[in-house]
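*Asks:* Construct the complete structure from the given sequences, taking the supplied hints into account.
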Amino acid sequence: MPTDKIDIRYVAKLARIALTDDEVEVFGRQLEDLLGHVNALSELDIESVAATAQVVESRNVTRADAIAPGLDRERVLAEAPQRQGNFFRVPRIIAE
Amino acid sequence: MSAQIDARLEKSAVEIAGDVCARRVSAVEVVESTLARIAAADGLLGSYLTVLSDSARAGAAAVDQRISRGEQLPLAGVPLAVKDNMCLDGTRTTCGSKILEHWIAPYTATAVARLIEAGAVPVGKTNCDEFAMGSSCENSALGVTRNPYDTARVPGGSSVGSASAVAAYEAALGLGSDTGGSIREPAAFCNLVGFKPTYGRVSRYGLVAFASSLDQIGPLTRTVRDAALAYDVMAGYDPMDATSINRPVEPTAGSLLDDLRGLRIGIVRDFDTKVLGDDLDGLYRKAYHDLERLGAQLVEVALPTADYGVPTYYLIAPAECSSNLARFDGVRYGLRVDGEDVRAMYDNTRAAGFGPEVKRRILIGTHALSSGYYDAYYVRAQKARTLIARDFERAFARCDLIACPAASCTAFEFAAKSDPYSMYLMDYYTIPMSLAGLPALSVPCGWSRPPGGSVPMPVGLQLCAPLFGERSLLGAAHAYEQATRHALARSPVADGAPA
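Protein chains in written order, with the working numbering: chain L, 1 to 96; chain S, 1 to 499.
Just so you know, these hints were derived from the structure itself, not from any lab.
Check each hint, because a few of them may be wrong.
Said to hold, decoys possible - Simulated restraints on C-beta separations:
#1 F88(L) / P356(S): 24 to 32 Å
#2 G143(S) / V26(L): 17 to 25 Å
#3 R261(S) / H37(L): 41 to 49 Å
#4 A64(L) / S323(S): 23 to 31 Å
#5 R92(S) / R92(L): 29 to 37 Å
#6 E74(L) / R69(S): 31 to 39 Å
As the list claims (entries may be wrong) - Now the stretches of chain S that chain L is said to cover, found in silico as 3 or more residues with beta-carbon under 8 Å:
#7 121 to 129
#8 237 to 243
#9 356 to 364
Think of the CB as a built atom: it goes at the ideal place given N, C-alpha and C, for glycine as much as any other residue.
*Replies:* So, in structure tokens, the structure goes:
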């Protein structure tokens, strides 16, 4: 298995979570400790074993392409942190 | 139990529904008593994040109307406590998190809707570890919940408020979700029956997702019969959940057993007994002996990979959590914390909205799924999961049910587990069943005074069946419960005043 080292700032960037310096230190230590524990899995012989995504057999589930009522738009938009008309309002993404 | 508790609330859900259907009591009276009990006790216990006084009164009146029209409702007037990670239309659904602290659900979870249709009345939304991640409720961002049997101790987690509410008669039926033990562990800590059905048996629609391949909704009750009835009402196919199983449900409440004759019960050879604290070993041996006394044949079974359950789980569950919780980005619902650009808004929103345990799990999951680590961590854990499921298949060739501890200790004091991994080990005995998708439950099996504790605390026996083995599982648990009656040995201390 890989080393127990973890680049916590890089992972936090991927996870979109701003961390304080204290969190970097504490989480870094705790996650390396956890990775040390999960490395026990390297003791298992898994070469020829298939991976399990979920245990109860299930095939791709489809439904008829039929129109059905969805959630009420007003009620959904009422929960938005910011809205503009019938849209969710977000900070500018594309530069002028 | 203190005299101030209305005797009607001490009845089981089945008894309450029977009384309401026979019009010996009205649903409105039951709900009013429950709301009074919550007002008296919940300041100390903290089971509820939101008490639904108005909608509960209206719901109870509607049940009484249906009864007066001649309807027979299996859960008529049963006060229901709903874990706050399940949606109920028009009510706050927080997941115990600041990021959803003020979010009002615009629809109702299928499991909750089915219980309401059967006559149950939601009286409140209950506290839980944030996004159901924890074993003590100490990860809730919104409040402390105390164990009704010793308020200096935790009530378990993560379906903790539903457990304490049912234990303390603030509800007759509790709804929880179990990903790695979050129904069974609080049930063990609070002297309750906690039942996790086969994965996919109860729809997850409206359950806020934590680890989708593991999450399963189930009941927390004071009797096995109540759990069976609630399961019969909730179980079954739901097109709104793509992993919901489309095959007929065998009702369980009508086939509870009186003894265990003809059943082979497996005792696991490979569990690491060092994990088991509080000298509980003797108590469990006594429980296994009781199973034998009731007619079961005990057989030793091997689960060699089960010992790897915790490390397997702590890769798979965080990986799925990191993916599921990506939706909380400050755009469509919940908290938003602004930043100089959209990227900073995401970073700041998630930094302010999530607590430490959720951040830890998102980070470990992101790491396990990231380029260069995916095969070494995530895929390896998925393969270990296969081995664990195979172990159970082999074991169930030799036995009908497996019996083992439900938790590795009794309820501990607040702040007793400071490092995350020691908390993770709480679920040592429940995680393997979750990884294998199996139905499992905890049923009270006695009392043990924890080291330094002032009073004995409840202990839970876990029983586990093969996939779809709910009927024999609940049947056997009922026989054991009726023969031993451990749950009746003590009443919860909390009656509105500190013990």
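*Asks:* Does each hint fit the structure? Answer for all of them.
*Replies:* Tested hints:
no.	hint	in the structure
1	F88(L) / P356(S): 24 to 32 Å	holds (29 Å)
2	G143(S) / V26(L): 17 to 25 Å	holds (24 Å)
3	R261(S) / H37(L): 41 to 49 Å	holds (43 Å)
4	A64(L) / S323(S): 23 to 31 Å	holds (28 Å)
5	R92(S) / R92(L): 29 to 37 Å	holds (31 Å)
6	E74(L) / R69(S): 31 to 39 Å	holds (33 Å)
7	121 to 129	violated (count 0)
8	237 to 243	holds (count 3)
9	356 to 364	holds (count 6)
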